[in-house]
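A.B. asks: The listed protein sequences derive, respectively, from chains D and Z.
In terms of this note's numbering, the first sequence is residues 617 to 731.
In terms of this note's numbering, the second sequence is residues 39 to 149.
Hints listed in this document are in silico derivations from the structure and should not be mistaken for laboratory results.
Since the model is a prediction, treat every value here as computed from it, not as a measurement.
Beta carbons are placed, not taken as given, at the ideal position from N, Cα and C, and that holds for glycine.
Heads up, some of the hints might be wrong.
Unchecked claim - Distance condition first, Cα-Cα at most 30 Å in a straight line; then the derived DSSO-like pairs of lysine-lysine: (1) D:Lys686 to Z:Lys83; (2) Z:Lys80 to Z:Lys148; (3) D:Lys625 to Z:Lys83.
Unchecked claim - Only some residues are given here: those of chain D computed to face chain Z with a beta carbon under 7 Å: (4) Gly658; (5) Leu659; (6) Leu706; (7) Glu719; (8) Ala720; (9) Phe722; (10) Gln724; (11) Gly725.
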Amino acid sequence: DGGITQSPKYLFRKEGQNVTLSCEQNLNHDAMYWYRQDPGQGLRLIYYSQIVNDFQKGDIAEGYSVSREKKESFPLTVTSAQKNPTAFYLCASSIGQAYSNTEAFFGQGTRLTVV
Amino acid sequence: RKEVEQDPGPFNVPEGATVAFNCTYSNSASQSFFWYRQDCRKEPKLLMSVYSSGNEDGRFTAQLNRASQYISLLIRDSKLSDSATYLCVVSHYTGGFKTIFGAGTRLFVKA
Numbered sequence: 617d618g619g620i621t622q623s624p625k626y627l628f629r630k631e632g633q634n635v636t637l638s639c640e641q642n643l644n645h646d647a648m649y650w651y652r653q654d655p656g657q658g659l660r661l662i663y664y665s666q667i668v669n670d671f672q673k674g675d676i677a678e679g680y681s682v683s684r685e686k687k688e689s690f691p692l693t694v695t696s697a698q699k700n701p702t703a704f705y706l707c708a709s710s711i712g713q714a715y716s717n718t719e720a721f722f723g724q725g726t727r728l729t730v731v
Numbered sequence: 039r040k041e042v043e044q045d046p047g048p049f050n051v052p053e054g055a056t057v058a059f060n061c062t063y064s065n066s067a068s069q070s071f072f073w074y075r076q077d078c079r080k081e082p083k084l085l086m087s088v089y090s091s092g093n094e095d096g097r098f099t100a101q102l103n104r105a106s107q108y109i110s111l112l113i114r115d116s117k118l119s120d121s122a123t124y125l126c127v128v129s130h131y132t133g134g135f136k137t138i139f140g141a142g143t144r145l146f147v148k149a
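Extracted from the complex, chain Z is given alone in its bound form (with noise of 0.2 Å):
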């Protein structure tokens, strides 16, 4: 079993749609969260972190589910920009921090 886990999709919504990224992660331990955005043929780059709480930045709201071990993304309102790779990421603890990435959810938004 994959330490990450995510839908590959690809998600096709309408602009203006909202759609759910799920996560699943499989090491208890796991300590910090994270959704990546990555765009066609470029680095990753921090979305937004995922607190127990959940959290919300904008249209983007993450959410923390440690009993069931899943992360979420919300994102409302879509944009033809929001067209991307979309990374979730787990974080341990062993002897130092050591950073796991999902192989990636596809997002097309379409007008």
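If we strip away everything but chain D, and leave its shape as in the complex, we get (with noise of 0.2 Å):
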């Protein structure tokens, strides 16, 4: 089956480390997203890629990084720059090219939270 699978779904990190969060797609999509999600708070874009090689910078960049080596992977690391890591993260793709539909699948997100 097609999807969207986020690695893991469970993370706790240390203070100071470098975390990374998988999203792999096999729905063959070239537009991947990452946002972040807090307790009774929407999704705040974090990185997006449109197409392999390229991505921009969301509305929360700051303290993570991307990069999009495959159509069909799409990792998160979030650095010690980071200053509040503690949160839900999910990934999301898209078919992203000129379509009119664009709806956007999500992967079952990763709880990330420091210790």
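Got two chains here, each in a separate frame; can you build the complex from them with the hints?
C.D. replies: Here it is as structure tokens:
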């Protein structure tokens, strides 16, 4: 079945450590996104990529980094520069190109907690 | 100004009530519009797309007003299972589609 997979589901990080969240899709989608959601809050865009080897900052990119070396994969690194990284991280993908229907499909999310 | 704005709620309604959510967007070049539903501690899932002529899916009706740049979602005969957060989503094309999510409106349906 086609879909988008995030791992791990739960992640604990010590202060000062970098951690990488995985996001893989087999939907053949060009566009991929990373969002952060805090308790009781909406989704905030961290980074997005419309094509392989290209990505743009979203609204809250500071303290995060991404890569898009393959169409299927869009990993997110939470660096030690991110001061408050505890949150629910959601990866999504959409067709991206010149189509009018751009439904986004989500992974099940990663809950990151700093201990 | 945020690109997509929603009333955060929460909306507390009894079963059987009709409830309406509104959402405004700032980019007049926006081309695609959606409503997503997010259950507590889960990922968002598509509820319905919003078309220019308006569209209905069972108890749910979505409307788009391009002139005023807002979209709406109407839920009739609310069920307990409708309790969730409803996210307004807007996409526009900038060399590829960019998708913007609203912060969501929480709905609680009570018996």
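A.B. asks: Please go over all the hints and tell whether each is borne out by the structure.
C.D. replies: Okay, the hints, checked on the actual structure:
1. As the CA atoms of Lys686 (chain D) and Lys83 (chain Z) are separated by approximately 25 Å, the hinted pair is consistent with the 30 Å bound.
2. For a cut-off of 30 Å, the pair hint linking Lys80 (chain Z) to Lys148 (chain Z) stands: about 21 Å separates their Cα positions.
3. Between Lys625 (chain D) and Lys83 (chain Z) the alpha-carbon distance is near 18 Å, which keeps this suggested pair within the 30 Å criterion.
4. At about 3 Å, the closest approach between the beta carbon of Gly658 (chain D) and any beta carbon in chain Z falls short of 7 Å, and the interface hint on this residue holds.
5. Given hint, Leu659 (chain D) at the interface with chain Z, holds; its Cβ is 4 Å from that chain's nearest Cβ, closer than 7 Å.
6. Because the smallest distance between the Cβ of Leu706 (chain D) and any Cβ of chain Z comes to about 6 Å, under 7 Å, the interface hint for this residue holds.
7. Proximity of Glu719 (chain D) to chain Z holds as hinted, the smallest CB-CB distance being about 5 Å (cut-off 7 Å).
8. Residue-level restraint check for Ala720 (chain D) holds (minimum Cβ-Cβ distance to chain Z is 5 Å; threshold 7 Å).
9. Hint status for Phe722 (chain D) relative to chain Z: holds, with the closest Cβ pair at about 4 Å, below 7 Å.
10. Taking 7 Å as the C-beta cut-off, the interface hint given for Gln724 (chain D) holds, the closest approach to chain Z being about 5 Å.
11. For Gly725 (chain D), the interface hint holds, since its Cβ comes within 7 Å of a Cβ in chain Z; the closest pair sits about 5 Å apart.
Figure legend: structure checked against the earlier numbered hints; every hint is met.
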